[in-house]
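*Asks:* Got chain A sorted already, so can you dock chain B onto it with the hints?
First to last, the protein sequences are chains A and B. Residue numbers for the first sequence follow numbering that gives the first Met the number 0, beginning at 0 and rising by one. Residue numbers for the second sequence follow numbering that gives the first Met the number 0, beginning at 0 and rising by one.
Simulated from the structure, these hints should not be mistaken for laboratory data. Just so you know, these numbers come straight off a predicted model, no measurement behind them. Please note that the accuracy of each hint is not assured.
It does not matter which identical chain is used: a pair holds within one copy or between any two.
[Said to hold, decoys possible] Restricting the straight-line Cα-Cα distance to at most 35 Å, the calculated cross-link-like pairs of lysine-lysine (DSBU-like) are:
1) Lys291 to Lys398
2) Lys313 to Lys194
3) Lys398 to Lys195
4) Lys55 to Lys392
5) Lys55 to Lys78
6) Lys384 to Lys156
7) Lys398 to Lys55
8) Lys362 to Lys55
9) Lys384 to Lys338
10) Lys347 to Lys78
11) Lys194 to Lys392
12) Lys338 to Lys156
13) Lys55 to Lys215
14) Lys313 to Lys82
15) Lys215 to Lys392
16) Lys299 to Lys384
17) Lys347 to Lys251
18) Lys82 to Lys384
19) Lys338 to Lys251
20) Lys84 to Lys251
21) Lys392 to Lys78
22) Lys194 to Lys398
23) Lys82 to Lys338
24) Lys55 to Lys82
Residue strings, one per chain:
Protein chains: 2
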Amino acid sequence: MEFHISNRMSAIRGSAIREIFKFAADPSVISLAGGNPAPELFPNEQLAEIAQDLLKNQPVLSLQYGVTEGYTPLREAVKARLKEKERIDREGDDVIIVSGGQQGIELSTKALVNEGDTVIVEEPSFIGATNAFRSYGAHLVGVPMDEDGMNIEALEKAIEANDNVRLIYTIPTFQNPMGATMSVEKRKALYEVAKKHGVVIIEDNPYGELTFDGTKLPTIKSMDTEGLVIYCGSFSKILAPGLRVGFMCADKAIVQKVVVAKQVSDVHTAMLPQLLAYEFMNRFDIDALIVKMRANYAHKCATMLDAIETYFPKGVFHTTPKGGLFVWCDLGHGIDTLKLAPTCAANKVVYVPGNTFMVDMDKPCSALRLNYSTMTDERIVEGVKRLGVIFEKELETRK
Amino acid sequence: MEFHISNRMSAIRGSAIREIFKFAADPSVISLAGGNPAPELFPNEQLAEIAQDLLKNQPVLSLQYGVTEGYTPLREAVKARLKEKERIDREGDDVIIVSGGQQGIELSTKALVNEGDTVIVEEPSFIGATNAFRSYGAHLVGVPMDEDGMNIEALEKAIEANDNVRLIYTIPTFQNPMGATMSVEKRKALYEVAKKHGVVIIEDNPYGELTFDGTKLPTIKSMDTEGLVIYCGSFSKILAPGLRVGFMCADKAIVQKVVVAKQVSDVHTAMLPQLLAYEFMNRFDIDALIVKMRANYAHKCATMLDAIETYFPKGVFHTTPKGGLFVWCDLGHGIDTLKLAPTCAANKVVYVPGNTFMVDMDKPCSALRLNYSTMTDERIVEGVKRLGVIFEKELETRK
Numbered sequence: 000m001e002f003h004i005s006n007r008m009s010a011i012r013g014s015a016i017r018e019i020f021k022f023a024a025d026p027s028v029i030s031l032a033g034g035n036p037a038p039e040l041f042p043n044e045q046l047a048e049i050a051q052d053l054l055k056n057q058p059v060l061s062l063q064y065g066v067t068e069g070y071t072p073l074r075e076a077v078k079a080r081l082k083e084k085e086r087i088d089r090e091g092d093d094v095i096i097v098s099g100g101q102q103g104i105e106l107s108t109k110a111l112v113n114e115g116d117t118v119i120v121e122e123p124s125f126i127g128a129t130n131a132f133r134s135y136g137a138h139l140v141g142v143p144m145d146e147d148g149m150n151i152e153a154l155e156k157a158i159e160a161n162d163n164v165r166l167i168y169t170i171p172t173f174q175n176p177m178g179a180t181m182s183v184e185k186r187k188a189l190y191e192v193a194k195k196h197g198v199v200i201i202e203d204n205p206y207g208e209l210t211f212d213g214t215k216l217p218t219i220k221s222m223d224t225e226g227l228v229i230y231c232g233s234f235s236k237i238l239a240p241g242l243r244v245g246f247m248c249a250d251k252a253i254v255q256k257v258v259v260a261k262q263v264s265d266v267h268t269a270m271l272p273q274l275l276a277y278e279f280m281n282r283f284d285i286d287a288l289i290v291k292m293r294a295n296y297a298h299k300c301a302t303m304l305d306a307i308e309t310y311f312p313k314g315v316f317h318t319t320p321k322g323g324l325f326v327w328c329d330l331g332h333g334i335d336t337l338k339l340a341p342t343c344a345a346n347k348v349v350y351v352p353g354n355t356f357m358v359d360m361d362k363p364c365s366a367l368r369l370n371y372s373t374m375t376d377e378r379i380v381e382g383v384k385r386l387g388v389i390f391e392k393e394l395e396t397r398k
Numbered sequence: 000m001e002f003h004i005s006n007r008m009s010a011i012r013g014s015a016i017r018e019i020f021k022f023a024a025d026p027s028v029i030s031l032a033g034g035n036p037a038p039e040l041f042p043n044e045q046l047a048e049i050a051q052d053l054l055k056n057q058p059v060l061s062l063q064y065g066v067t068e069g070y071t072p073l074r075e076a077v078k079a080r081l082k083e084k085e086r087i088d089r090e091g092d093d094v095i096i097v098s099g100g101q102q103g104i105e106l107s108t109k110a111l112v113n114e115g116d117t118v119i120v121e122e123p124s125f126i127g128a129t130n131a132f133r134s135y136g137a138h139l140v141g142v143p144m145d146e147d148g149m150n151i152e153a154l155e156k157a158i159e160a161n162d163n164v165r166l167i168y169t170i171p172t173f174q175n176p177m178g179a180t181m182s183v184e185k186r187k188a189l190y191e192v193a194k195k196h197g198v199v200i201i202e203d204n205p206y207g208e209l210t211f212d213g214t215k216l217p218t219i220k221s222m223d224t225e226g227l228v229i230y231c232g233s234f235s236k237i238l239a240p241g242l243r244v245g246f247m248c249a250d251k252a253i254v255q256k257v258v259v260a261k262q263v264s265d266v267h268t269a270m271l272p273q274l275l276a277y278e279f280m281n282r283f284d285i286d287a288l289i290v291k292m293r294a295n296y297a298h299k300c301a302t303m304l305d306a307i308e309t310y311f312p313k314g315v316f317h318t319t320p321k322g323g324l325f326v327w328c329d330l331g332h333g334i335d336t337l338k339l340a341p342t343c344a345a346n347k348v349v350y351v352p353g354n355t356f357m358v359d360m361d362k363p364c365s366a367l368r369l370n371y372s373t374m375t376d377e378r379i380v381e382g383v384k385r386l387g388v389i390f391e392k393e394l395e396t397r398k
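Extracted from the complex, chain A is given alone in its bound form (with noise of 0.2 Å):
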C-alpha cells in the first residue's frame, strides 16, 4: 500500500552520516566521521556502582513514572551549575530535563514554528538542528561562517530579507562542523539583532565545557535580559551519550509549551539516566572528569592538526579549535567531497562531506568534517595521512 506521508516528513531525508556510519562500523575502517566522544572517558565503574544503589535501594523512584519538566534535584543541580558556571541566571527562566540536546531543540521547533516560518542557521551547521528544523516544514536561511562565527551583517540581512523569522539558531562555542568559536562581539552584535527583531534566539552549547585551555567565552544566554535565548545543554559530552540526558533552559513562558510538547512526546527522560547524572555529580567530582575530557580531546586535535599539516596538500583549508571535537576543511578547486567518500572508503578512512552541513544539500561542497575523539593518535595520523593522498593525487587531476 502507499502510504500518505506528512508534507512536513516529506521533505526530509535520512542524514548522509548514517550511510556513512555503515562503513565505520567495520573495525579495519579509520572513522574521521563520528561524533562520539571517546570512551575511554565514560566512568563506567562509578555509573556502576550508583545505578546498583539505586536500584536496590530508591526502586520506586528509579523504575516508576516521574514528571514530565525531570527530577526536581537534577533540575536544581543544572540551575545551580549554569548559574556558576556560564552565569546563566536570569528570573523568569526555568530549566527542563531532556532526552538529549537534541530533544530541547526539537520541542522547542514544535512549540514556536509554524510550516512555512524561517528559521536561520549558520551555514555550516549541525544537521541533527537542520533536518529537527526541516521536519517541521520550516523555511531555512543559511548565514555564512567566518572563522570568528556567524557573519552578524549576513544575519540581519536574512531577517531583513524573511517573513515570520521565528528563530536564530546558533552553535558559538567549538561549533559542529567547524570548531569555530564566536567572539565576545559578535555574541553581543547578535544578540542585539535578535532583540531588535524580536526574534528568539536557539543557543546550543554541547561543547562549551571541553575547552582545551580552560578559557571560556561568556554565553549569549547569560547576556539574556529578555528571555530571548533558548539554552540547550547535555550530559552527552560531558558524561555519556548513551544516557540522553540534556537540558534546556529559557523563558518560563516558552518552558510551559515545551513540557506540554515533552509530555505528548516520550511523558519524560528515562529515570535511572537522570538519576545517573544527577548522582555522578553530587557523589563524584564531574568538574575532574571534564579536566580530563579537555586535555584528552586537545591532544587528539593537536595530533590531528599536525598530521594535517604534514599529510594533507599545501594550500588545503583547517580550522584551529580551541575545544570541542572537530576540524573543518576545505579542499577548494570544486572538488565535491561527497563524491571523493567513496574512494576513501575504498580505502578505509571515512569523513563526513561538507554538503551535509548546508541548507541546499544538493550542491557540490569541497569541505569536509573530521572528528578526533574517538580514535587513537596512531589511527588519527594514519586516516589523515591516506585522506592525504586521494586529495592530492584528486587536485592534480585539477591542475
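*Replies:* Only chain B this time, still in chain A's reference frame:
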C-alpha cells in the same frame, strides 16, 4: 516578551491529570487518578544486578551513542515475542524501539498527519494520544465506545463524513480509560473498514498482557495482511515505566519515516534502559513476572468492583474489566465530575474526570476513571467509600 507560539501547540492544553497529580503527591490523599503500575512488582533487585554488570563489563555499549532503530538484540527479542505472544509476523513489517509507547504514537502522527487532517479516536480515549494528535493540529473525530469496543457503524460514518482521514486510533484491549475490550468480531470489522477506506490504524496495546484470567484475543495487527496497522507496545506495564522503553511494529515504509522523525527527536532511546529490558528477558523469566502482575491487578480490580457495589449509589454505571488498570464509572443525571473533583480532593480522594478523555474537553461529563493498580486494598476500599458518600449527596440534590 510575547512569544510566537505555533498554531499546532496553541490549541493544546496540559492534561488535567497533571493538576490532579499535584494533590496525589500528598501521601494522605488516596489517589485513584493515576495510571502507574504497582511499584511492589518492579523487579528492582534483578535490574540492579544487570545494571551493575552491564556498566562494569560493557561500558561502551551501555554509555556510547546507539542507533536510532534501537539495540538490535532487543529489536529481535521484541519481534520474537510479538510472533509468539500476539501472532504478529507480517513480511514487510519492521520493529523500532521507542522511548515509551507514547513516542510511537507521536512519531507516527508526525510522519503521517498534516495539520487539518482527520484522526478518528474512540470516545473516551487516552489523553496522551489525543493530545499527541492535537499537537500536530489534527482534526479529532470521536467515535462512541460500546462495552465491547468502538462502535463500528459510527466509525464508518465518521470516515465517510470527514476529509483526509489518516488514522484510526484504538486501544482494543483493556482500554484506557474504560477498561473495555473490543470483541473479535469488531476487531475484524474495524480492520475491514480501515482496509476498505485505506486508512491506517494505530493499535495501542500497553495493557494486553495484563489479562486477569489469561485469555487473550487476537490483536488487530495479527489480522493485518496489508500493512495497515501500526502496533504500539511498551515495557512500561510489564517491567517498569520509568525506563521509557516501548516498541512499534509497522510496515517498513512507515518505520523508515518514523526512524527519521526519531533521529531528530531524541537520536535514540537511552541505551541502559534498552539493555535492562533486553537482559531482563534474557536472564530472567518475564512471563513469570507478568503472571504475578495479572494476579495482583485481578485482585485489586475485584476489590474495587466490590467496593463500588457496596458504597456507590445504586444505578451508577461501571465497567467490569477483564484486565488492565482502569474502571470507568458514569454517575449520569447531568453531574459534572470535573466540578465534583475539588470536593473529593478536599476529602482526600482523587480520580480523573471523564471530560479529560473526550474530544470536546469543555463539555461537562458525568463519567470518571478510577485506577486500582497503585493503592493497597484498604485504601482502594476507603477511597471508593469516600467517593460514594459524595456521589450519594450529589445525586440527592438532583432528585
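*Asks:* Work down the list of hints and note, for each, if the structure agrees.
*Replies:* Okay, the hints, checked on the actual structure:
no. : hint             : verdict
1   : Lys291 to Lys398 : neither (45 Å within a copy, 75 Å between copies)
2   : Lys313 to Lys194 : neither (43 Å within a copy, 63 Å between copies)
3   : Lys398 to Lys195 : neither (48 Å within a copy, 63 Å between copies)
4   : Lys55 to Lys392  : neither (60 Å within a copy, 46 Å between copies)
5   : Lys55 to Lys78   : both (28 Å within a copy, 30 Å between copies)
6   : Lys384 to Lys156 : neither (41 Å within a copy, 68 Å between copies)
7   : Lys398 to Lys55  : neither (68 Å within a copy, 55 Å between copies)
8   : Lys362 to Lys55  : neither (55 Å within a copy, 46 Å between copies)
9   : Lys384 to Lys338 : within (19 Å within a copy, 73 Å between copies)
10  : Lys347 to Lys78  : between (44 Å within a copy, 34 Å between copies)
11  : Lys194 to Lys392 : neither (49 Å within a copy, 57 Å between copies)
12  : Lys338 to Lys156 : within (33 Å within a copy, 54 Å between copies)
13  : Lys55 to Lys215  : between (40 Å within a copy, 34 Å between copies)
14  : Lys313 to Lys82  : neither (45 Å within a copy, 59 Å between copies)
15  : Lys215 to Lys392 : neither (40 Å within a copy, 66 Å between copies)
16  : Lys299 to Lys384 : within (15 Å within a copy, 68 Å between copies)
17  : Lys347 to Lys251 : between (49 Å within a copy, 31 Å between copies)
18  : Lys82 to Lys384  : neither (44 Å within a copy, 50 Å between copies)
19  : Lys338 to Lys251 : between (46 Å within a copy, 29 Å between copies)
20  : Lys84 to Lys251  : within (21 Å within a copy, 46 Å between copies)
21  : Lys392 to Lys78  : neither (52 Å within a copy, 48 Å between copies)
22  : Lys194 to Lys398 : neither (48 Å within a copy, 61 Å between copies)
23  : Lys82 to Lys338  : neither (46 Å within a copy, 43 Å between copies)
24  : Lys55 to Lys82   : both (33 Å within a copy, 33 Å between copies)
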